[in-house]
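Just so it is clear: in the sequence shown, position 11 is 10 by numbering that gives the first Met the number 0, and no numbers are missing.
No lab work stands behind these hints, which were simulated from the structure alone. Among these hints, one or two may not hold up.
Now the in silico label distances, taken between C-beta atoms and shown as ranges [said to hold, decoys possible]:
#  : residue 1 : residue 2 : range
1  : Gly18     : Val149    : 30 to 38 angstroms
2  : Asp5      : Gly145    : 28 to 36 angstroms
3  : Glu159    : Ala68     : 37 to 45 angstroms
4  : Pro147    : Arg168    : 15 to 23 angstroms
5  : Pro131    : Gly62     : 22 to 30 angstroms
6  : His167    : Ala7      : 47 to 55 angstroms
7  : Ala26     : Leu121    : 36 to 44 angstroms
8  : Pro19     : Gln51     : 37 to 45 angstroms
9  : Gln122    : Asp2      : 42 to 50 angstroms
10 : Gly18     : Gly160    : 38 to 46 angstroms
11 : Arg174    : Met58     : 20 to 28 angstroms
12 : Thr59     : Gln122    : 37 to 45 angstroms
13 : Glu47     : Gly18     : 19 to 27 angstroms
Beta carbons are placed, not taken as given, at the ideal position from N, Cα and C, and that holds for glycine.
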Amino acid sequence: MADEPDDALLVGRAQRGDGPAFATLVARHADRLTRFLVTMAGDESIAEDVRQEALQRAMTNLGQLHDPAKFGSWLLSIACNQCRKRLRADVQRAHAGDDALATVADGRRSALSSLVRREDALQLALAIERLPILLREAFVLFAVEGLPYVEIAAVTGATEGTLQVRVHRAKALLRQQLGPQSDTWWPRER
Numbered sequence: 000m001a002d003e004p005d006d007a008l009l010v011g012r013a014q015r016g017d018g019p020a021f022a023t024l025v026a027r028h029a030d031r032l033t034r035f036l037v038t039m040a041g042d043e044s045i046a047e048d049v050r051q052e053a054l055q056r057a058m059t060n061l062g063q064l065h066d067p068a069k070f071g072s073w074l075l076s077i078a079c080n081q082c083r084k085r086l087r088a089d090v091q092r093a094h095a096g097d098d099a100l101a102t103v104a105d106g107r108r109s110a111l112s113s114l115v116r117r118e119d120a121l122q123l124a125l126a127i128e129r130l131p132i133l134l135r136e137a138f139v140l141f142a143v144e145g146l147p148y149v150e151i152a153a154v155t156g157a158t159e160g161t162l163q164v165r166v167h168r169a170k171a172l173l174r175q176q177l178g179p180q181s182d183t184w185w186p187r188e189r
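Please model the entire structure based on the sequences and the hints provided.
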């Protein structure tokens, strides 16, 4: 591990056309990226589509990355924007109804299983899926990914105060759906 180059060095190499350096960066940040997208999208195939779009954008725009050491946050920011666009487009289409919410991918449950007991993961996943997009995004980055507000702000472009309000509202909506026991399912404010 100590011999592995840091993100900044790999970004520099990738900006000069080193494909394996970019592949190493992607592999290094793949788990967080996939977990975030599966939780946000609620569907593994949609998450994979958005992941591919985000990676393509990252590769194309790598020269625009101002702080190579923050590649992970930058990549997550791109994925966040791509996911936001996709979810907004999906919302504009006709809803299939609550029956469609009954099927949640196994990957979604496993991404949340560290946050809540396994039997509660499906119930929480469905409730998260019902949150408005911006509230869902802030909640997932805070409660599922465990990011501090300062890093979420860098990813989303929102202020820390706005993000705190979004997380608070998301928790209130989840509490309405799931009851007061849901307060024990997510981390305390950091």
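Verification of the hints:
1. Gly18 to Val149: 30 to 38 angstroms: The hint (30 to 38 angstroms, Cβ to Cβ) holds, given that Gly18 and Val149 are roughly 32 angstroms apart.
2. Asp5 to Gly145: 28 to 36 angstroms: Check failed, 21 angstroms falls outside 28 to 36 angstroms.
3. Glu159 to Ala68: 37 to 45 angstroms: Given a distance of about 21 angstroms, which is not inside 37 to 45 angstroms, the answer is violated.
4. Pro147 to Arg168: 15 to 23 angstroms: 19 angstroms, holds
5. Pro131 to Gly62: 22 to 30 angstroms: 34 angstroms, violated
6. His167 to Ala7: 47 to 55 angstroms: With Cβ atoms ~35 angstroms apart, the hint is violated.
7. Ala26 to Leu121: 36 to 44 angstroms: 30 angstroms, violated
8. Pro19 to Gln51: 37 to 45 angstroms: At roughly 19 angstroms between Cβ atoms, Gln51 and Pro19 fall outside 37 to 45 angstroms, so the hint is violated.
9. Gln122 to Asp2: 42 to 50 angstroms: 44 angstroms, holds
10. Gly18 to Gly160: 38 to 46 angstroms: 41 angstroms, holds
11. Arg174 to Met58: 20 to 28 angstroms: Between Arg174 and Met58, where Cβ atoms are some 41 angstroms apart, the hint is violated.
12. Thr59 to Gln122: 37 to 45 angstroms: Holds, at about 39 angstroms.
13. Glu47 to Gly18: 19 to 27 angstroms: 21 angstroms, holds
Hints 2, 3, 5, 6, 7, 8, 11 from the list above are not met by this structure, while the remaining hints are.
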